[in-house]
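Engineer: Okay, here's what each chain looks like letter by letter:
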Amino acid sequence: MNRLFIKSQDIVQKTVEGLHKDLERRIIASPPGQCPVDLTASFLRLCHSQSCGKCAPCRVGLGQLQLIIDDILDTDKEPRMEDIKLLEKTATAISVSADCAIGAEAAKMVLRGIQGYRDDFESHIKDHTCTPTIRNNDQPVPCVAMCPAGVDVPGYIALLRAGRYDDAVKLIRKDNPFPTVCALICEHPCENKCRRTLVDAPINIRGLKRYAVDNCGSVPVPEKMDNTGKKIAVIGGGPSGLSAAYFLSIMGHQVTIFEKRSQLGGMLRYGIPNYRLPRERLQWDIDAILSTGVECKLDCDISSPEAIAEIKEKYDAIYISIGSHNAKGIGIPGEYSKGVIPAVEMLRGIGDDAMPDFAGKSVVVIGGGNVAMDVARTAKRLGASEVSIVYRRRKDDMTALPNEIEGAIAEGCSLLELKAPSRIENDKYGRVKALWVKPQIAGQADNSGRPKPVDSSEAEEKIPCDIIISAIGQATDIQFFEDYGIPVFRGNIKAEANSVVDSSNGTYAGGDCVTGPSTVINAIAAGKVAAANIDAYLGFNHEIEANVDIPLPGISDHIPSGRIEMKERYAKQRGSDFDEIEYGMTHEEALREASRCLRCDYHGFGSFRGGRNDKW
Amino acid sequence: MVKLIINGQKVSVPEGTTIMEAAKKVGIHIPHLCFLKEINEIGACRVCLVEVEGMERLVTACNTECREGMKVITNSPRVRKTRRVNMELILSDHDTNCASCVRSGNCTLQSIANDMGIMVIPYEENTAEKNRWDNRLPIVRDASKCIKCMRCIQICEKVQGLSVWDLKGTGHRTSVGVRDNLDIQKVGCALCGQCITHCPVGALRTRDDRDVLNDALADPEKIVIAQIAPAVRTAWGEQIGLNDEASTTGKLVCALKKIGIDYVFDTNYTADLTIMEEGSEFLHRLAHKEDYQWPMFTSCCPGWLRFVKTQYPEFVKNLSTAKSPQQMFGALSKTYIAQKLGVDPSKVFSVSIMPCLAKKYERAVPQVNDSGKGNDVDLVLTTRELDRFIRCDSIKPEDLTDMPFDTIFGEGSGAAVIFGTTGGVMEAALRSAYFLVAGKNPEPDAFKNVRGIRGWKEETFNLKGTKLRVAVVNGLGNTRELMEAIKKKEVEYDFVEVMACPGGCVGGGGQPFRDGEEMAEIRGEKLYDLDKANHIRFSHENPSVKLTYEEYLGEPLSKTSHHLLHTDLENWDIEMVLEDT
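So the protein lines, in turn, are chains A and B.
Letter 616 of the first sequence, counting from 1, is numbered 615 in numbering that gives the first Met the number 0, and no numbers are missing.
Letter 451 of the second sequence, counting from 1, is numbered 450 in numbering that gives the first Met the number 0, and no numbers are missing.
Please keep in mind that the hints were generated in silico from the structure rather than gathered at the bench.
Misleading hints may appear alongside valid ones.
Computed list of lysine to any residue pairs in SDA-like fashion (alpha-carbon distance at most 25 Å, straight line) [claimed, not checked]:
{"#": "1", "chain 1": "B", "residue 1": "K487", "chain 2": "A", "residue 2": "G251"}
{"#": "2", "chain 1": "B", "residue 1": "K2", "chain 2": "A", "residue 2": "A161"}
{"#": "3", "chain 1": "B", "residue 1": "K80", "chain 2": "B", "residue 2": "E123"}
{"#": "4", "chain 1": "B", "residue 1": "K157", "chain 2": "B", "residue 2": "E480"}
{"#": "5", "chain 1": "A", "residue 1": "K614", "chain 2": "B", "residue 2": "G160"}
{"#": "6", "chain 1": "A", "residue 1": "K125", "chain 2": "B", "residue 2": "D92"}
{"#": "7", "chain 1": "B", "residue 1": "K36", "chain 2": "B", "residue 2": "M518"}
{"#": "8", "chain 1": "A", "residue 1": "K53", "chain 2": "A", "residue 2": "L66"}
{"#": "9", "chain 1": "B", "residue 1": "K157", "chain 2": "A", "residue 2": "G609"}
{"#": "10", "chain 1": "B", "residue 1": "K439", "chain 2": "B", "residue 2": "T465"}
{"#": "11", "chain 1": "A", "residue 1": "K571", "chain 2": "A", "residue 2": "I408"}
{"#": "12", "chain 1": "A", "residue 1": "K76", "chain 2": "B", "residue 2": "D182"}
{"#": "13", "chain 1": "B", "residue 1": "K129", "chain 2": "A", "residue 2": "D75"}
Distance ranges between label pairs, derived from CB positions [stated by the list, open to error]:
{"#": "14", "chain 1": "A", "residue 1": "T132", "chain 2": "B", "residue 2": "V25", "range": "46 to 54 Å"}
{"#": "15", "chain 1": "A", "residue 1": "C99", "chain 2": "B", "residue 2": "E123", "range": "34 to 42 Å"}
{"#": "16", "chain 1": "A", "residue 1": "K296", "chain 2": "B", "residue 2": "Q184", "range": "55 to 63 Å"}
The model shown is predicted, which means the values in this text are computed figures rather than measured ones.
Note that CB positions come from ideal geometry on N, CA and C, so glycine has one too.
Could you build the full structure based on these sequences and the hints that come with them?
Structural biologist: Listed below in structure tokens is the structure:
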């Protein structure tokens with residue numbers, strides 16, 4: 000007789016697997032504003048259904064946890080504060096006594112919930128409903144809610160479908176004066192909770208924005224409002240400073256940007272390589288911003304007491320947006336050898352067209368973020384014979400976007416995971432000869448949830464090389480501002496959520512210099528926030544609006560269909576030049592992708608609580 | 000124009016027309032529950048579903064625009080089945096004890112369910128929210144009846160600009176509650192009752208105080224005196240089977256007599272008195288301009304008083320100190336009127352029939368009582384409660400004949416009767432102010448420019464050489480706009496009339512329900528007809544008012560007037576008194 004059989008899935012298992020996938024996507028696209036207590040009850044029910052039923056803590060205990068939470072939620076019951084204690088006690092017991100992870104992990108989720116949102120448990124006991132903040136977090140349109148600058152995504156997708164590309168750009172500029180930059184390099188948090196994910200996959204929002212900017216004409220900026228006679232100094236002409244300047248200038252204020260370098264753009268120019276963001280595309284946005292009447296002082300360093308005092312005296316408000324441009328040290332022996340280059344310095348030089356010559360050189364890049372990928376790919380383009388990316392964690396733990404990592408690999412960079420740099424070996428002239436690394440193994444999860452790399456017992460390894468580029472993060476140049484009395488917190492300028500540094504004298508700050516290195520859209524959002532609040536500080540209430548009619552949605556069945564992805568030039572072709580690597584969508588692709596938009600501005604909660612802010 | 004086909008009929012409609020409107024144009028009615036034109040077009044109930052050829056999903060007719068070439072079917076088997084399931088689901092989340100519901104017979108949910116012939120609900124009743132409302136408040140919310148159509152939230156926010164109501168809870172526990180889990184006493188509810196008159200079901204209602212009247216009528220010692228507000232006569236017949244022409248004021252008097260009221264008088268009498276007092280006060284303030292904050296505001300609408308006291312307390316000083324006609328009547332009913340009737344004032348039970356639930360608050364304010372005989376007004380019944388009383392007594396339309404008000408306090412001028420509509424108080428005041436200044440009457444219709452349903456009206460009149468800038472607003476959303484404009488000095492007026500309800504008292508929160516219809520304008524016209532038909536067009540010519548001054552008050556703003564007919568509004572409590580009924 001047969002003793003073994005090949006495992007296969009029956010129709011029930013297959014269906015369940017499919018539903019698990021649907022559920023995964025559904026959880027990813029969870030709308031904000033959900034009651035966390037209700038959520039706890041719901042996932043407990045799911046966890047409980049996974050119990051095999053062998054052990055008491057899981058079989059009985061998870062059910063009892065549910066009953067306690069159900070009672071807390073039940074508006075007909077009169078739950079007591081002691082119920083939370085009982086919940087805590089029971090969950091603790093299950094978490095330490097269940098035989099397998101099914102029970103123990105479920106109980107831990109409950110415990111984390113009690114810690115994270117005890118107020119909500121209490122509110123249900125006291126007021127028989129959620130804390131008001133839960134409902135106040137309601138966001139009718141997920142993409143708009145997730146975009147730090149609140150760009151009207153369904154609006155511009157609708158305009159794009161209608162062939163109104165200029166209007167699409169006008170609408171984007173209402174919240175974000177960098178439509179082209181974001182079309183090319185935004186990390187698109189707007190896509191993270193796109194409701195279309197419930198049907199198939201999120202809309203390719205960045206791709207659609209790109210189609211709009213690729214096809215628009217010259218779109219004039221809004222007319223400047225009446226001159227207010229107020230003067231505002233913006234220190235640092237990166238994305239945050241330029242955004243603030245743009246809005247403030249439209250509001251009728253006179254804005255002057257003080258830029259230390261010879262060109263505007265900050266990290267967009269001095270951090271992001273041309274093949275991702277071609278300079279002429281960046282310039283298009285910058286030119287539009289300047290056309291509002293913003294004045295610029297280039298090559299103008301204000302780090303002297305006289306300069307800052309003069310600014311303070313001449314201007315009614317100041318926005319500090321100096322970015323985060325200092326290199327962080329590697330902290331290993333030999334780091335000051337010739338041939339060790341901080342990534343920020345290399346990219347800064349390239350921004351001003353000073354191209355290093357890496358022809359035939361062997362290059363090692365240290366780091367796992369987007370900057371590491373940028374310099375690795377740039378080194379390859381500069382003629383390096385070999386580029387290795389050395390990272391102390393695993394590829395999965397890298398902070399770089401997956402397609403940046405894939406792009407680097409495709410272009411011939413090699414990835415050396417779980418290698419912690421330990422020292423740099425020199426030749427007798429003090430030039431880099433090799434990077435020594437200590438092999439790591441993935442250990443316990445740290446606070447970020449990523450496994451902490453720990454030394455393995457394997458021997459140190461030698462990676463021979465001519466150039467080492469360190470891309471392990473940037474710091475903010477706070478020294479001067481700190482001396483000048485600007486508050487500092489953990490190496491960055493300290494500003495409130497409203498961008499205020501000092502409300503008594505109109506000093507504001509935002510962007511990387513407040514948050515540490517972050518995304519361009521966060522910097523833009525900070526500029527927008529600062530513009531609104533500086534305007535209010537100066538005693539005005541100017542409103543920025545686009546005056547664009549948004550087409551109503553058509554009607555559609557939500558039939559699952561593929562997401563249109565962006566295409567790139569072949570790796571071999573693109574890997575040796577600095578020309579742009581990404582292709583925009585075709586007309587056909589753009590219309591197809593735009594038709595997938597569910598128009599949450601008009602359907603669902605959007606139809607009730609307003610899917611659109613026409614002005615701010 | 001967009002061309003489409005609905006149920007085989009060709010329809011041509013302007014761009015932007017919804018399927019529901021287009022269907023109506025060709026006589027096809029699509030049932031709808033949550034929809035409220037321009038206020039709540041959110042497609043929440045999913046009852047107005049229709050099928051569009053070629054589509055799997057059904058679409059809501061209330062908020063889907065017609066498209067060229069669209070083929071719509073409003074009565075396919077799929078549509079019928081789906082609408083019905085959605086109705087059954089809503090019913091499973093609703094307390095369907097219709098027999099004991101205030102809205103039975105006038106409930107949109109009930110009528111759609113009846114039309115669909117729903118006899119069995121296949122789902123278990125699962126009302127998520129327990130009722131925790133204090134039913135002693137003038138406004139009552141019954142959670143078990145709320146169908147979450149969101150109309151109350153929308154009307155309060157969009158029309159009245161107060162946002163008393165908001166969503167609370169999430170998922171299947173989502174419901175409507177007072178904003179931020181607060182107490183209704185603490186959120187500046189004006190008690191306008193617009194949420195009640197726009198509720199399609201019995202989830203929001205007025206506290207029913209009929210038993211209080213019943214007890215008074217049962218007490219042989221009590222002399223029950225009723226007053227009837229102007230707006231009541233425009234609407235009271237709607238719910239008892241009397242059509243517009245047949246529902247005369249005389250029959251209303253007859254109905255109250257049949258109920259057993261001893262004396263039926265008219266609030267118009269004290270409306271005329273209000274004009275004498277408020278008009279004189281205005282002229283006095285005008286003569287001592289620098290002693291007062293401007294503009295002067297009318298003060299007869301308690302919804303507006305609650306609004307100004309909670310939202311713009313710095314403007315309370317601007318309010319006329321004259322009491323509302325209801326409270327003037329109350330104060331006089333236990334003094335001069337009792338004296339004229341030759342009855343013991345302490346035995347008088349004063350009941351007022353009002354289109355308003357804020358009047359229930361006003362009569363219970365401790366600081367308003369000046370007769371020294373308990374509350375000046377003992378009870379306020381809304382038009383709806385009166386209708387219920389009439390129906391409860393099985394009084395049929397054919398039982399009613401025209402009867403006159405009792406003498407002499409049933410006398411009111413045409414100027415008084417228009418108090419019930421927006422602009423009416425202003426017009427009445429200007430008619431008499433002109434007389435007081437010029438010594439002769441103007442043309443009765445000289446100030447008709449302040450009439451009409453518009454939310455914010457302004458006019459300049461020449462009062463014998465004095466230029467008067469007046470404004471009239473109705474609806475609290477409009478009122479807020481006006482107050483902001485006054486604060487910012489964008490506008491400047493001498494005299495402003497405010498009524499909290501859209502269209503004034505005729506559209507009041509205590510008026511009969513007419514789902515989907517805004518009745519204020521039509522009802523207001525009726526008041527202007529009554530004004531025109533009245534042989535007295537000026538408050539100062541009301542013979543009862545003249546007699547009252549001759550025999551009792553002396554003259555406007557006299558000491559007695561000040562004692563009985565004026566009040567210190569700054570002193571008034573804002574808290575609604577909880578009443579067991």
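Engineer: Hint compliance check: list the failing hint numbers for this structure, sorted ascending.
Structural biologist: none
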